[in-house]
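Student: Sequence:
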Amino acid sequence: MKRTAQLFFVTCFLAFLFGVAALTLLMPKAWSSYYENRSLTQMPPLTAESFLSGDYFDSLESYLTDHVPFRSYLLKLQTVLQLEVLRQPVVSDVLTDSDVLLGSHSYNDWDTAYLSSAAQECAAGIGQWADAAAAGGGQLYYVGLPEQTAYFVDRYPDYWRDRQWLYGPTEAAMEEAFARADIPYLSFYEQFRAEGCPEALYFASDHHYTVYGALAVCQELLRTVNNRQGLSLHVPAEEDLDFTTLPNPFLGSRNRKLFCLRPMGDMLTIAQYRQAVPFRRWDNGTEVAAELFLLPETAEESVSYTVFMGGDKGETVVDTGRPDLPSVLIIGESYTNAMETLLYASFDEMRSIDPRSYQGSITDYIALHQPEVVIVLRDNTSYFTALSGG
Numbered sequence: 001m002k003r004t005a006q007l008f009f010v011t012c013f014l015a016f017l018f019g020v021a022a023l024t025l026l027m028p029k030a031w032s033s034y035y036e037n038r039s040l041t042q043m044p045p046l047t048a049e050s051f052l053s054g055d056y057f058d059s060l061e062s063y064l065t066d067h068v069p070f071r072s073y074l075l076k077l078q079t080v081l082q083l084e085v086l087r088q089p090v091v092s093d094v095l096t097d098s099d100v101l102l103g104s105h106s107y108n109d110w111d112t113a114y115l116s117s118a119a120q121e122c123a124a125g126i127g128q129w130a131d132a133a134a135a136g137g138g139q140l141y142y143v144g145l146p147e148q149t150a151y152f153v154d155r156y157p158d159y160w161r162d163r164q165w166l167y168g169p170t171e172a173a174m175e176e177a178f179a180r181a182d183i184p185y186l187s188f189y190e191q192f193r194a195e196g197c198p199e200a201l202y203f204a205s206d207h208h209y210t211v212y213g214a215l216a217v218c219q220e221l222l223r224t225v226n227n228r229q230g231l232s233l234h235v236p237a238e239e240d241l242d243f244t245t246l247p248n249p250f251l252g253s254r255n256r257k258l259f260c261l262r263p264m265g266d267m268l269t270i271a272q273y274r275q276a277v278p279f280r281r282w283d284n285g286t287e288v289a290a291e292l293f294l295l296p297e298t299a300e301e302s303v304s305y306t307v308f309m310g311g312d313k314g315e316t317v318v319d320t321g322r323p324d325l326p327s328v329l330i331i332g333e334s335y336t337n338a339m340e341t342l343l344y345a346s347f348d349e350m351r352s353i354d355p356r357s358y359q360g361s362i363t364d365y366i367a368l369h370q371p372e373v374v375i376v377l378r379d380n381t382s383y384f385t386a387l388s389g390g
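Just so we're aligned: 301 in the numbering used here is position 301 of the sequence shown, and the numbers increase by one with no gaps anywhere.
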C-alpha cells in the first residue's frame, strides 16, 4: 500500500513537470513582458559549442522560466501578496513606502572620484556632434534632466538611503567637463530643486516628467538658444496652450511593474497650441498622419506616456513649412517625446533621433541636414551610458 502511494505521488509529480514543460513549448510565445517592460528570452539555438559549454542549458532555463504557462497571473498574484499581505517596502525594484513610486537602489555610498573622468569622456563623445553642428553653422546644447527618482529624492523614507550624495557631484562634474569642451550645458536638477520641485512637473507613478515639466524645460532652453545665437524663437507660455487632462486611467511605468495596483492618482495631461501650427510628419522615412498625440478611442482605455508623439521612434521629422525659421534636431530617448509636442512650433523643421533604434551615423545626419540648433536631452541616470549612432 505504501509503495503504491509513493508510486502514485511520483507519477503525479512527473506528469505535472512534463505537463508544464509541454504547455510551455506548445503555447503561443510572447516577445516581451508588458508589465515587466522587458524582452523575454527566446528559444536558444542548439549548437555543439553551446551544448558542451553548458550555455545552451542556461539559456533554455531562462526561456522556460520566461514562458511558463500563466506566468503573468502568477506574477500578479506574487505582487498582490508582497504589496497587500506582506506589505514589503520594495516590490519589483519599486519603493512603495512613499507618496510617490520611486526606484529602489543600494544603501551604500561609493567613491565619486570617477565622476570627473566619466564626465570628460561624455563631453568628448558629444563633441563630435557639436563639431558637426558648428561646421554647418549650428550650435549644440546638452540638456540634463533629473530622472523622477532624482526629482523626488527628498521623498525617500527616513530609513532609506537617497542619492543626493551622488547627484550633486555628478552635476558639478558635468558642468565642468562641458565648460572645458565649450558646449552649452543646461542642468535642471539643481534648478528644479531651487524651485522646490513642484509636484505638477513630474509623475508620481512614472519615471518621466509631465507636460508641465516639459514646458518648463522647453521655455528655459529656448530662452538660452535665443540669447546665445541671437535668435527670436517663440517661447511658449501657458496662455498659448490649451491643456487637456485625459479621463483615462494612467498607466505609469513604475505602477506598471506593480501590475497597476498603485496608480497614485496620476492623470495624463496634454497641451495643444491655441493657434494651430500646420505641419507634415514623417516617421522613419514614411509620411504619417499629422498628429502629435496617440489618443485613445474611448475614455475607458488606459493611457501611458506613449501618448506623446506615439512613443519612441528612430527618426521623426515635423515640417511646418516656414523656411524663414531655423531648424532643430533633438537627440535623446523617451524624454524627448513630450518636449517635441511643444518644441516643433518654434521652428521650421524639427527632426528627432532616438539613438537606441536609429541605424545610421548621427554625425553624418547632422552634417547632411545642418540644423541651426541641436539638442541632446538626457536624464541624469543616463549621462554615462554611451549613446549609439556615432
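Be a bit skeptical, because a hint or two may be false.
[Claimed, not checked] Derived DEER-like restraints, expressed as beta-carbon distance ranges:
id: 1; residue 1: V288; residue 2: D158; range: 47 to 57 Å
id: 2; residue 1: L81; residue 2: Y273; range: 43 to 53 Å
id: 3; residue 1: Y273; residue 2: P296; range: 13 to 23 Å
id: 4; residue 1: V80; residue 2: S232; range: 47 to 57 Å
What the hints contain is simulated information worked out from the structure, not anything from laboratory work.
Yeah, the Cβ is synthetic: ideal placement off N, Cα and C, and Gly gets one too.
Student: Give a verdict on every hint.
Tutor: Going through the hints against the structure:
At roughly 49 Å, the beta-carbon separation of V288 and D158 lies within the given 47 to 57 Å, and the hint holds. Here the CB-CB span from L81 to Y273 is close to 47 Å, well matched to the stated 43 to 53 Å. At roughly 21 Å, the beta-carbon separation of Y273 and P296 lies within the given 13 to 23 Å, and the hint holds. About 56 Å separates the C-beta atoms of V80 and S232, a value consistent with the hinted range of 47 to 57 Å.
Of the numbered hints given earlier, the model fails none.
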